[in-house]
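Colleague: Chain by chain, the residues:
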Amino acid sequence: MSISDEKAAELEKIAKKLRYDIVLMIGAGKPGHLGGSCSIAEIVAVLYFHKMYHDPKKPKWSDRDRLLLSKGHAALTQYAALAECGYFDKKELGTLKELGTMLQGHPEMLRTPGIEANTGSLGQGLSMACGMAMAGKLDKKDYRVYCIVGDGEVAEGQIWEASMTAAFYKLDNLVAILDKNGVQATGPIVERYDTNPHPEKWKAFGWHVMEVDGHDVRQIADALDKADKVSGKPVMIVAHTVKGKGVPFAEGKADFHHGIMTQQQYETARALFEE
Amino acid sequence: MGMQNCRKVYGETLVELGRENKRIVALDADLSKSTMTRLFEQEFPERFFEMGIGEQNMISTAVGLALSGKIAFANSFSVFSSGRPYDQIRVSVCIGKVNVKIIGSSCGISDFGDGATHQGIEDIAIMRAIPNMTVLSPVDGIETRKMVRAAAEYDGPVYIRINRNEVPDVSDENEEFKIGKPYVIREGKDVTVFAHGYMVFKALKAAEALEKEGTSLRVVNVSTLKPIDEEAVKELASTVKGIVTVEEHSIIGGLASAISFILRGQALPIDAVAIKDCFGQSALSYEQLLEHYGLTDSAIIEAVKKIL
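So the sequences go chain by chain: A and B.
4 is the number of the first residue of the first sequence in my numbering; add one for each residue after it.
1196 is the number of the first residue of the second sequence in my numbering; add one for each residue after it.
Next up, chain A with everything else stripped away, as it sits in the complex (with noise of 0.2 Å):
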């Protein structure tokens, strides 16, 4: 079942160019969500490019398969993602922030091509994910809804809201994928704000729960295979990641949540993704 070397080298190279994106976007001497944003390349990358069924030239399809970041913070991921696909043209995510821009700080539906959902106002990603799932068993599609939570976001009440609505309605078309880096705005979550343990407090919500190296697109695609054979509840797959993760001077650290590159760092950063 697992991918063939083939596309696991590309899905990788993907996840390096999503990065490079990453870092450009956000350049020297401005603020940038670049921990949370390299936390789910490899994430990302396998989802836009080998798992969902979507077509970048028909974003309202209604049969695609649906992303919701509910970490809307880590946009500048899901951006590349969408332009590298084609949904808008690449040269948009140098404008990345500025005045009237299709790319907002925070996802916004209405703005960008590709986004499903307004989120990044924490904790209301996987309640949409879960009406979209709902619609989908309601009008009988086959489509799947994956949507992305960060460890410090799932200390929002309305993440165990929606965990409940998934397990009680039996959305076995919802995969949640948990980027566990680690890591919230202040600091390490283990010492600003405990949400540990995560494989068990989802499984007594009532999910299928999985555990994966987030940085690793074989593990990340047979979880996602896995997940499709799950009947009757709702997925968890709890990847583990490191906030930052690609570019050194960053990892692991609650500055880079959204923190500034130096003009030296950001050459750096520039410098470990360049062909």
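One thing to keep in mind: the hints can contain errors.
Which bits of chain B does chain A cover? Going by a derived footprint, with three or more residues having C-beta under 8 Å, they are [stated by the list, open to error]:
id : stretch
1  : 1242-1248
2  : 1261-1275
Computed list of chain A residues with no C-beta within reach of chain B, every gap over 12 Å [claimed, not checked]:
id : residue
3  : 13
4  : 20
5  : 59
6  : 126
7  : 137
8  : 222
Read the hints as simulated data drawn from the structure, not as lab findings.
Beta carbons are placed, not taken as given, at the ideal position from N, Cα and C, and that holds for glycine.
Once you've looked at the hints, dock chain B against the given chain A.
Modeller: Showing chain B alone in chain A's frame:
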């Protein structure tokens, strides 16, 4: 004059809509016996979603359904469907102009027995403040039916507050309801009373009493609190000596705020009959509580006399 319970009318209308349109779905947070979405649940169990006692999740889930083609009606008491999920309404519903209808049942102090926690006196203020939101307050059962249908036809966020109790029919069965339009219920030349909800009936009673004393009131039903047809309001205010606004809502952020802002700079005396920036409390009857907070025809008469 017939009496109707607006929430019952709402529940029945939702069922009618459900029969006509498969896209209609309803969500409730364990108050379906009160909001009357139970009627919808009985006929369309697969399109009814009990969301447990979790209004924030209910609103965002309604968004997910709406973004997948459904016309989603999310129901609770006005306090719990406006204030509690404020940010969900702001972010997941309104920024994206999502086709979600939010029902604020047992609005104002109409849930007289349950006290301040359950009495939604600032729901209109909260909902009016959010861009892209349409805010409606039906005057009676007749208008409730038309309004719920209009909300279902309109593509975008709508908030409708619904009274808990039986109220008299005062609107014209044959008149078409249009979002945004103020309706003249009674013509008059001395003072224009702008009101919404059950308070329109109180204004009509005041108008009858004042007529005997030679004062004539124009009574306008402002059942759309947002957007309001500003030109129509100015027109209805232009030929009179003063304005009184009447509402079962806080004096802050509702009709009083809206009308006085529209008529700013006009040198017209304006007074407001409303809940004076305080919380409600329990009482043994609706009328007793209305009287306690000065939401009566005699309070309207007093306000009119002060102006004249």
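Colleague: Taking the hints in turn, state whether each one holds.
Modeller: Structure-based check of all given hints:
{"no.": "1", "hint": "1242-1248", "in the structure": "holds (count 4)"}
{"no.": "2", "hint": "1261-1275", "in the structure": "holds (count 6)"}
{"no.": "3", "hint": "13", "in the structure": "holds (31 Å)"}
{"no.": "4", "hint": "20", "in the structure": "holds (29 Å)"}
{"no.": "5", "hint": "59", "in the structure": "holds (18 Å)"}
{"no.": "6", "hint": "126", "in the structure": "violated (8 Å)"}
{"no.": "7", "hint": "137", "in the structure": "violated (6 Å)"}
{"no.": "8", "hint": "222", "in the structure": "holds (28 Å)"}
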